[in-house]
Structures are given as structure tokens and as C-alpha cells.
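Letter by letter, the chains look like this.
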Amino acid sequence: EADIYQTPRYLVIGTGKKITLECSQTMGHDKMYWYQQDPGMELHLIHYSYGVNSTEKGDLSSESTVSRIRTEHFPLTLESARPSHTSQYLCASTQMGQGTEAFFGQGTRLTVV
Amino acid sequence: AQKVTQAQTEISVVEKEDVTLDCVYETRDTTYYLFWYKQPPSGELVFLIRRNSFDEQNEISGRYSWNFQKSTSSFNFTITASQVVDSAVYFCALSEAYGSGNTGKLIFGQGTTLQVKP
Chain Y
1 EADIYQTPRY
11 LVIGTGKKIT
21 LECSQTMGHD
31 KMYWYQQDPG
41 MELHLIHYSY
51 GVNSTEKGDL
61 SSESTVSRIR
71 TEHFPLTLES
81 ARPSHTSQYL
91 CASTQMGQGT
101 EAFFGQGTRL
111 TVV
Chain Z
1 AQKVTQAQTE
11 ISVVEKEDVT
21 LDCVYETRDT
31 TYYLFWYKQP
41 PSGELVFLIR
51 RNSFDEQNEI
61 SGRYSWNFQK
71 STSSFNFTIT
81 ASQVVDSAVY
91 FCALSEAYGS
101 GNTGKLIFGQ
111 GTTLQVKP
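From first to last, the protein sequence lines stand for chains Y and Z. Okay, so the first sequence: first residue is 1 according to the numbering used here, each after it adds one. Okay, so the second sequence: first residue is 1 according to the numbering used here, each after it adds one.
Keep in mind the hints are simulated off the structure, nothing from the lab. Remember, predicted model here, so these are calculated numbers, not experimental data. Take these hints with a grain of salt, some might be off.
[What the hints assert, rightly or not] When the alpha-carbon atoms are kept at most 25 Å apart in a straight line, the in silico SDA-like pairs for lysine to any residue are as follows:
| no. | chain 1 | residue 1 | chain 2 | residue 2 |
| --- | --- | --- | --- | --- |
| 1 | Y | K57 | Z | E26 |
| 2 | Z | K38 | Y | M27 |
| 3 | Y | K57 | Z | E17 |
| 4 | Z | K70 | Y | Q98 |
| 5 | Z | K38 | Y | D30 |
| 6 | Z | K3 | Y | S61 |
| 7 | Z | K3 | Y | Q95 |
| 8 | Z | K3 | Y | Y50 |
| 9 | Z | K38 | Y | M41 |
| 10 | Z | K3 | Y | M27 |
[What the hints assert, rightly or not] Here are some, though not all, of the chain Y residues that point toward chain Z, as calculated from beta-carbon distances under 8 Å:
| no. | residue |
| --- | --- |
| 11 | M27 |
| 12 | Y33 |
| 13 | P39 |
| 14 | L45 |
| 15 | L60 |
| 16 | S64 |
| 17 | L90 |
| 18 | T100 |
| 19 | F104 |
| 20 | G107 |
All C-beta atoms, glycine included, are put in the ideal place defined by N, C-alpha and C.
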């Protein structure tokens, strides 16, 4: 069973609010990722990190930002939420090395009204 | 460019039927990894299998089996004697060793929703 946790599971928030989606893992993994899942189900990488103080943008452009101050923690922040940010956000982590499987959290379903 | 295609958007079967989920991929890397994940209604993605590009041996795990064919760039997934608990969205994914700079990022297919009716 994967030890990666996301909070909150569901969030409904008004336009213009600042939000932070939390992601924590207890497996000591260096690599962490944020994927955005469209209503049509496809997942796209929006941020990743190789380790502490490392953050990179993914393939899908996102207005969100991330930080990695501790190995186990990889929060995602939206400074000003908009309805276009409505989506499911999935956090994942992997061990170092090639082709290692990713462990996923249960996701945060964000709705911006 | 890397790409994963799951042409079947939705599949509906009756319990105990066999079902095959198709996955076709594109990559320029010679070293890559293929994955299948299951996403139940609870939302998390559950890892099912990993295959590297040098291992074309098919694999069977209980009712699940996978057929990897480099010649056709396919990595298909078969569930034998399907059960209602198999109902979920299934994703095929690709990870490149070098083309992506060994980031470990996954390129997902569009997903196939499998509904198994009792």
C-alpha cells in the first residue's frame, strides 16, 4: 500500500482565492510529481521535483507553483483560483532510478466557482 | 515525440467474459518503460505492471496478462474471467530513460473505462 497522502480530497472555492493542495509521502522518495487530470480523464504532468530545493515545470503549462523544502512534502499553490483551474490534481512519487513505478495519492478534486 | 494511445474509450462486458485493453505507444528512445495503472472510483492510481523495452516476455498474474510486442509498439492488457470489481479506468503509460532526461515522468494514454456488469 502506497504511503502518499493528499489533502483535501475535495475542495470547492470561490474565484480569486489562494489555495494550497498538500501532498506528503513517507517512503523517502526523492522524485515527486503533480499531474492534472482533465474531466475527460487524461493525465498531464504539471510539476516535478528531483529532491529538496528542486522544482521543474512539466509538459502542461500551469499557473500553479510548487515548493520542495522537505523531502516528504510537495505542496502545490494557486495564488488566485479561477474556474479554469477546476480539475483533479494527483500527486505521485518514485524512487531514484530508471523506470521505477510511481505511487499516487488519492487526488484532490478542485472546483472553482 | 512520445505518445500513448488507448483507442478504446469505454468497454462494457458481462461478468466472466474476457476483455483486452489496447495500448499503442510512440517513442524515439531505445530504452523505455511501459506501465499499466488502474484508477478505481476512489481516485488513486494503482500500479499493475511495469515492462522495460528489452523484455518482451509476456506476463501473467492471476487473471491479468500482458502482451508486449515491440514490432507493433503495443502493450495490451487482458483480463480473463472479468469480475465486477474490475470496473475502473485503466491507463497505459510510457516513461523514457533518456528522452525525458530520466525525469521519471509518465506519459499517459487517454484511459479506457471498463464496466463489468453482473
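Hint-by-hint comparison with the structure:
1. For a cut-off of 25 Å, the pair hint linking Y/K57 to Z/E26 stands: about 23 Å separates their Cα positions.
2. Restraint check for Z/K38 and Y/M27: satisfied, since their Cα atoms lie roughly 21 Å apart, inside the 25 Å limit.
3. Simply put, Y/K57 and Z/E17 have alpha-carbon atoms about 43 Å apart, too far for the 25 Å limit, and the pair is violated.
4. Taking the CA atoms of Z/K70 and Y/Q98, the gap is near 19 Å; set against the 25 Å cutoff, the hint holds.
5. Among the hinted pairs, Z/K38 with Y/D30 is consistent with the structure: their alpha-carbon atoms are about 24 Å apart, no more than 25 Å.
6. In summary, the hint linking Z/K3 to Y/S61 is supported, as the alpha carbons are separated by about 18 Å, within the 25 Å threshold.
7. Taking the CA atoms of Z/K3 and Y/Q95, the gap is near 24 Å; set against the 25 Å cutoff, the hint holds.
8. Only pairs whose Cα atoms come within 25 Å are accepted, and Z/K3 paired with Y/Y50 is accepted, the gap being roughly 23 Å.
9. About 12 Å separates the Cα atoms of Z/K38 and Y/M41, which keeps this hinted pair within 25 Å; it holds.
10. The hinted pair formed by Z/K3 and Y/M27 fails the criterion: a straight-line CA distance of about 30 Å is larger than 25 Å.
11. Using the Cβ-Cβ criterion of 8 Å, the hint placing Y/M27 at the interface with chain Z is not satisfied: the shortest such distance is roughly 13 Å.
12. Checking Y/Y33 against chain Z: minimum C-beta separation of about 7 Å stays under 8 Å; hint holds.
13. With a cut of 8 Å, the hint placing Y/P39 at the interface with chain Z is violated, because the nearest CB-to-CB distance is about 12 Å.
14. Taken as an interface hint, Y/L45 checks out: its beta carbon lies about 5 Å from the nearest beta carbon of chain Z, inside 8 Å.
15. The criterion of a C-beta within 8 Å of any C-beta in chain Z is not met by Y/L60, whose closest approach is roughly 11 Å, and the hint is violated.
16. A cut of 8 Å between beta carbons decides the hint on Y/S64: the least distance to chain Z is about 16 Å, and the hint is violated.
17. Hint status for Y/L90: holds, given a least beta-carbon distance of 7 Å to chain Z, under 8 Å.
18. The interface hint given for Y/T100 is met, as the beta carbon of that residue sits about 7 Å from the closest beta carbon of chain Z, less than 8 Å.
19. This hint holds: Y/F104 has a C-beta 4 Å from the nearest C-beta of chain Z, less than the 8 Å allowed.
20. Interface restraint check for Y/G107: the shortest CB-CB distance to chain Z comes to about 4 Å, inside 8 Å, so the restraint holds.
The structure fails to meet hints 3, 10, 11, 13, 15 and 16 from the earlier list, while all remaining hints are met.
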